[in-house]
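Protein sequence lines, in the order shown, are assigned to chains A and B. Per the numbering used here: the first sequence = residues 1 to 255. Per the numbering used here: the second sequence = residues 1 to 469.
Since the hints were made in silico from the structure, they are not lab data. Every value quoted in this text rests on a predicted model; they were computed, and no experiment measured them. Treat the hints with care, as some may be off.
Every beta carbon over 12 angstroms from chain A, so not counted as near; a handful from chain B, in silico [claimed, not checked]:
| # | residue |
| --- | --- |
| 1 | Asn13 |
| 2 | Arg20 |
| 3 | Gln96 |
| 4 | Glu106 |
| 5 | Arg112 |
| 6 | Glu305 |
| 7 | Pro423 |
Capping the alpha-carbon separation at 25 angstroms, the derived lysine to any residue pairs in SDA-like fashion look like this [unchecked claim]:
| # | chain 1 | residue 1 | chain 2 | residue 2 |
| --- | --- | --- | --- | --- |
| 8 | B | Lys380 | A | Glu91 |
| 9 | A | Lys87 | B | Arg459 |
| 10 | A | Lys151 | B | Gln8 |
Using N, Cα and C, we set each Cβ at its ideal position, and we do this for glycine too.
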Amino acid sequence: MTTAPAISAPPGTVAVAIRSEQLCRHYRMGETLIRAVDGVSLEVHAGEFVALLGSSGSGKSSMLNLIAGLDRPTSGTVVVQDRDLAKLSREELAKYRLHVVGMVFQSFNLIPSMTLAENVELPLRFAEVERGRRDSLVREALDRVGLQARKDHRPSELSGGEQQRAALARALINRPQLLLADEPTGNLDSHTGTEIMDLVREFNQQLGMTVVMVTHERALAERYARRMIFLADGKLVDERTNLAAAQDKTQGGAS
Amino acid sequence: MKLPDLTQLALRNLRESVLRNSLTTIGISVGVASLVAMLSLGTGLQQLFSRRLAKSGLFDTVFVSSRRELRGMGREEERAGPTPGESRVLDEPARQEIEHLPNVLEAYPDIRFITELRFEDKPHLTMISALPASAKSNDAFESMQGIFFSSDTAPEVILQKSFAEELLGKTPPLGAPEPNVAELAKPLLGKDLTMLYNQRAAAPAPAPLLQKSEVDNAGSGIVGAAYSVISREQKLKIVGISDLDVESMRGPMRAKVFLPLRLAENLHVMQPADLREISHAASDQPVYASISVRVKNPTQVQAVEDAVKKMGFTAFSILDASRSVQQVFRVLFAFLGIFGSLALTVASIGIVNTLVMAILERRREIGIMKAIGASDGDVKKLFFAEAGAMGILGGIVGVVLGWAIGQIINFGTNLWLKSQSLPTEHFWAVPLWLVFFAIGFAFLVSLISGLYPAGRAARLDPVQALRYE
Numbered sequence: 001m002t003t004a005p006a007i008s009a010p011p012g013t014v015a016v017a018i019r020s021e022q023l024c025r026h027y028r029m030g031e032t033l034i035r036a037v038d039g040v041s042l043e044v045h046a047g048e049f050v051a052l053l054g055s056s057g058s059g060k061s062s063m064l065n066l067i068a069g070l071d072r073p074t075s076g077t078v079v080v081q082d083r084d085l086a087k088l089s090r091e092e093l094a095k096y097r098l099h100v101v102g103m104v105f106q107s108f109n110l111i112p113s114m115t116l117a118e119n120v121e122l123p124l125r126f127a128e129v130e131r132g133r134r135d136s137l138v139r140e141a142l143d144r145v146g147l148q149a150r151k152d153h154r155p156s157e158l159s160g161g162e163q164q165r166a167a168l169a170r171a172l173i174n175r176p177q178l179l180l181a182d183e184p185t186g187n188l189d190s191h192t193g194t195e196i197m198d199l200v201r202e203f204n205q206q207l208g209m210t211v212v213m214v215t216h217e218r219a220l221a222e223r224y225a226r227r228m229i230f231l232a233d234g235k236l237v238d239e240r241t242n243l244a245a246a247q248d249k250t251q252g253g254a255s
Numbered sequence: 001m002k003l004p005d006l007t008q009l010a011l012r013n014l015r016e017s018v019l020r021n022s023l024t025t026i027g028i029s030v031g032v033a034s035l036v037a038m039l040s041l042g043t044g045l046q047q048l049f050s051r052r053l054a055k056s057g058l059f060d061t062v063f064v065s066s067r068r069e070l071r072g073m074g075r076e077e078e079r080a081g082p083t084p085g086e087s088r089v090l091d092e093p094a095r096q097e098i099e100h101l102p103n104v105l106e107a108y109p110d111i112r113f114i115t116e117l118r119f120e121d122k123p124h125l126t127m128i129s130a131l132p133a134s135a136k137s138n139d140a141f142e143s144m145q146g147i148f149f150s151s152d153t154a155p156e157v158i159l160q161k162s163f164a165e166e167l168l169g170k171t172p173p174l175g176a177p178e179p180n181v182a183e184l185a186k187p188l189l190g191k192d193l194t195m196l197y198n199q200r201a202a203a204p205a206p207a208p209l210l211q212k213s214e215v216d217n218a219g220s221g222i223v224g225a226a227y228s229v230i231s232r233e234q235k236l237k238i239v240g241i242s243d244l245d246v247e248s249m250r251g252p253m254r255a256k257v258f259l260p261l262r263l264a265e266n267l268h269v270m271q272p273a274d275l276r277e278i279s280h281a282a283s284d285q286p287v288y289a290s291i292s293v294r295v296k297n298p299t300q301v302q303a304v305e306d307a308v309k310k311m312g313f314t315a316f317s318i319l320d321a322s323r324s325v326q327q328v329f330r331v332l333f334a335f336l337g338i339f340g341s342l343a344l345t346v347a348s349i350g351i352v353n354t355l356v357m358a359i360l361e362r363r364r365e366i367g368i369m370k371a372i373g374a375s376d377g378d379v380k381k382l383f384f385a386e387a388g389a390m391g392i393l394g395g396i397v398g399v400v401l402g403w404a405i406g407q408i409i410n411f412g413t414n415l416w417l418k419s420q421s422l423p424t425e426h427f428w429a430v431p432l433w434l435v436f437f438a439i440g441f442a443f444l445v446s447l448i449s450g451l452y453p454a455g456r457a458a459r460l461d462p463v464q465a466l467r468y469e
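Here chain B stands alone, though its shape is the one from the complex (with noise of 0.2 angstroms):
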């Protein structure tokens, strides 16, 4: 029999006895549901966990940093590697080398220093960090108050919260719920600050050369002062207070102040990598402590990261920290999928059940069929048709009630996160793959469960079955 007349006397035969077999379609639906349900949440959870790492910018980041930068800090493999005569200094020239490297979007230096900040004549003592126009589709300003930053070169702040709250002295008690972003917000936008800082500047004297072997001793202090450092104010504009809580974030983020980049450079601001890199840093070219260099698309972080090793840097993205990640979230998804496959094994159990009652029901519409041509093979792909459909129309049921069952569960903890008054979070995803495989996954159990009945009902004897009232 070919399958359009299959597929229409088995959904006809399914219509015949429609109360049972809707019954073992929703035992599938369930089944199917359950296992959509426990593996969109996986999937969710998974997706929430990427998109906060690309949105925090640091997923398409590849951070450098001078080899000698980390000597002695206790790195086995930073020990093992080149002496630091063969390593280079990261200044000027590297950055726009890395920059000029393939699928490179931007290399900027990461800028942070702690300094002193003057509000209404009181100073506050913080940690100040340089920012890239780029950063501005960051999700770390998605809930700011206030506007990110004019221009790059802009006298402007980004405060964060809870420097906020120092400048307005109100610190919260430990446990305390979180302030209000806006509360904050209203007082201090559009007010000025002072910043103190040290400038560093080119020595009028040719600075005296230093051995490369007493390079590692340089940290101890100024010594030759190769450059003089000058103390110089700069007004700044507050424009925008972000949500951003210091603790979650890494790289050039992990500040409570942020100015723009190109206003930090031309500031020339005494930075801690200065003391360490004083022997290369004699001239008015800026050497950087570590750059970001941000890449096109995340799948061309290896390739860049590699890169930049062969130059003679370390590099580190954290893509190497998100793939032991990706292997818990292996282990949960198939945690998740064999739960949600045990409600579909039962569900099967229903499909034998129906199917096997249904032979004997329909052992003379069997015999009948035998009897004016119908042969082995025919009777078993019916029966087999009809457990297909089964799994089938419970497969799609089961895949919108899994779907519905996901979109309710994620409603209500984000009507939850909302009393709490924390962000919502769209944790629950369906992506396409998913649908097709619950379907199909459906569909196979149900044929598996086909077999014996089928079996069972093509090795009937016409005679018997005919005799059979």
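Next comes chain A alone, as it looks inside the complex (with noise of 0.2 angstroms):
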């Protein structure tokens, strides 16, 4: 990655992970017809790590569902890794959802009625991966965040950081290729988003994850993003590369 990505990069030079043609997404409130996303082109190369920005309402949270494949498009195409979306089974979307992509919220999500360890396993019970490996894999997973102390506690008994580390850490437990964080810190006070965001960005460069993560805190984006796309109204507005979150990468590997 020696060049800042451009919106379209010519093909071949580098791997496009996500890609977005005229996507759509509309739907009804009553009477009115709301666009939340409203005819979106754009491209995410892998290993890259993306913010979208805009205020609330902006249809960024709603960009971000249709390429997690939680969100089928009204109209227009979503690409990830291959994968025409719009074209996958409920059944495909779940596989893809579970082995490609990794998610984390602004409100953690993690099962309140789960350990953290069990939290962290839930992924491999879906991906009906053996017992056994199990539990060496949720051993890793939690030591990568560093809560392996904490395991036997429930979300209820934890801070907001840890808990955000925890859903970090199950979002990679079944080692997906993308990263979707949406607010990851917005519940989180300076201190512990920043450590947080640490996290993302050593998943991002140790593990060559892309990420695209959902924000409305430009500081943070232009901290850790190494390009931004604007939103508004559901449609994209701007597009800045970020040199100082690419400096900072070095520094940040070298932490």
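Fit chain to chain and form the complex, with the hints in mind.
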């Protein structure tokens, strides 16, 4: 990654992880038609760290849900790792979410009745990974986020930062290529938020995961994302390459 | 998701809202308990009935009589049967032949006659019947006082309760409580009776041969006196008093006084049948009115019955009669089953309710699971597993509960029976098949109840579910 990627890099030079073309997601709310995503075309390269920025209601979360395969487009296409998501069956979409995507949310979304270890293990159960292998994978994931000591606690017994770290561990347990983060620091203080973002960057740089992060905090995006995509009213309005974050890469990798 | 994981997650979810799920499970167990209670009552009654039949010694017995014996008794099929000429005489060779049929334990003649018994110089006219040694295991003698015959030829006698009363001269008024057998036995056991009877002896002169056509008229009297009749006496010792009710028994048991079979045979007592079979009874060989054939196993009764019929005799077994009774039990069973299932149906609505509530409560959780890769099938299976787990748990608890209810009712009824000085009965039975059937049925009903909630949970839109707080 020597050059800053453009919105459509010349094919062949860098692998494309995500590509959307005239992507639309409209829905009705009573009488009015809401154009949550309205004709967005973009590309994200493999291993890239991209931030989707915009005010609330700009459609950034809807965009993320479409990429995550949680929602289906009204029109247009979204292709992730050569899969046209609109054409996948419900079953195939579930498999896609299981193996290709890892997600973290603003509200952590851990299952309250399960311990941390069980939360992290859950995707392995859906993936039908053998019992014997699961324990070591869970331990490895918890070690990576520094939560091994708290593995038997329930989410309610932990701080927000710890919960989000557990969510990160869960997101990477099936070794997906894509990490989708929806306001990952939204419920955290700035110090904890930084810790989490450092972890996300670590995943991006050490594990080579492609990261798409939705946020409304420009400062956060400038610090970590190498490219910022601005959305407003469901449309792509601006895009910037962030050289500072690109430099930070080496520092972050060293620290 | 694999079954162990499903089970584990389902049980964990059930534990999470333990009160609600316990209440639902209790609902199922009450349903199962009522089903088990109803069906085990049905089974118990059926077993009681079968046991009574088997113990009465009738269930494995085929009654054989000569065809001519039944002629003229108004039985249509017998009239259409072979002519007397084709039918055989039920004599000793015939008895031996029957005894050698496969699966036959023994074939013994039914010796029954009415004669006079003297006890303390008072005459008593009564029906006397001979019993084989095998009758010892008969439940008629289960609660008798004294002992069974010491041998098959011993000059001993067992009295029926009502005859014992008669001997002691204390016939109770109608409707009075049944006398205690033990009290009756005390003054009688070990005492002697004198039996006066007519012995049939072979005639000194060769008997004139009668034409076969005349056989039917032979019942009118001792025509041509093919044998002589001698009056004799026999001393008998009272060894037992049976509390058997004459009216409830059939066959050889329907008498007031019982003699050992060999002893009775050796006495050559004149029997009513001798008069009818006079032409054939000319010799020393006895001719029997009927023979009881004991079969090794009740399932072979039909085969033996058929074989005997082929030999030219009339055969009848209690199986014929019990077949219609079995039919009645089947109807009773279905009826009890339907009533028992009603409560389970109500309980299944409880499952639907609980699971629909759980979906509302766990909407977000379902959304999370879908977001991290759970398929519709996974979510559906999870709810199915929860329904199934409640079904199995409820089924197990219900079977135990139903069994306990049965035990309590049985115990209570027996207390009452005892207070009425009636013998206790075990009319409650939970057979193994019922245990598995009840648990399986509860499981099935739960899965059916889980269909709608599971489908609804699976269809949940993850984006909306995640937005839900």
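Status of each hint after checking the structure:
The Cβ of Asn13/B does not lie farther than 12 angstroms from every Cβ of chain A; its closest approach is about 7 angstroms, which violates its non-interface assignment. At the 12 angstroms boundary, the C-beta of Arg20/B stays outside the reach of chain A, the nearest C-beta of that chain being 14 angstroms off. The beta carbon of Gln96/B is kept farther than 12 angstroms from every beta carbon of chain A, the shortest such distance being approximately 73 angstroms. Under the 12 angstroms C-beta cut-off, the non-interface status given to Glu106/B relative to chain A holds; the minimum distance is some 65 angstroms.
Remark: the non-interface label on Arg112/B is consistent with the geometry, its nearest Cβ contact in chain A lying 76 angstroms away (cut-off 12 angstroms). A cut-off of 12 angstroms between C-beta atoms confirms that Glu305/B is not in contact with chain A; the least separation is 62 angstroms. Residue placement check: Pro423/B keeps its beta carbon more than 12 angstroms from all beta carbons of chain A (closest about 57 angstroms). The straight-line distance between the Cα atoms of Lys380/B and Glu91/A is roughly 13 angstroms, inside the 25 angstroms bound, and the hint therefore holds.
This hinted pair checks out: Lys87/A and Arg459/B have alpha carbons roughly 18 angstroms apart, not beyond 25 angstroms. With a CA separation close to 18 angstroms, the supplied pair Lys151/A and Gln8/B stays within the 25 angstroms bound.
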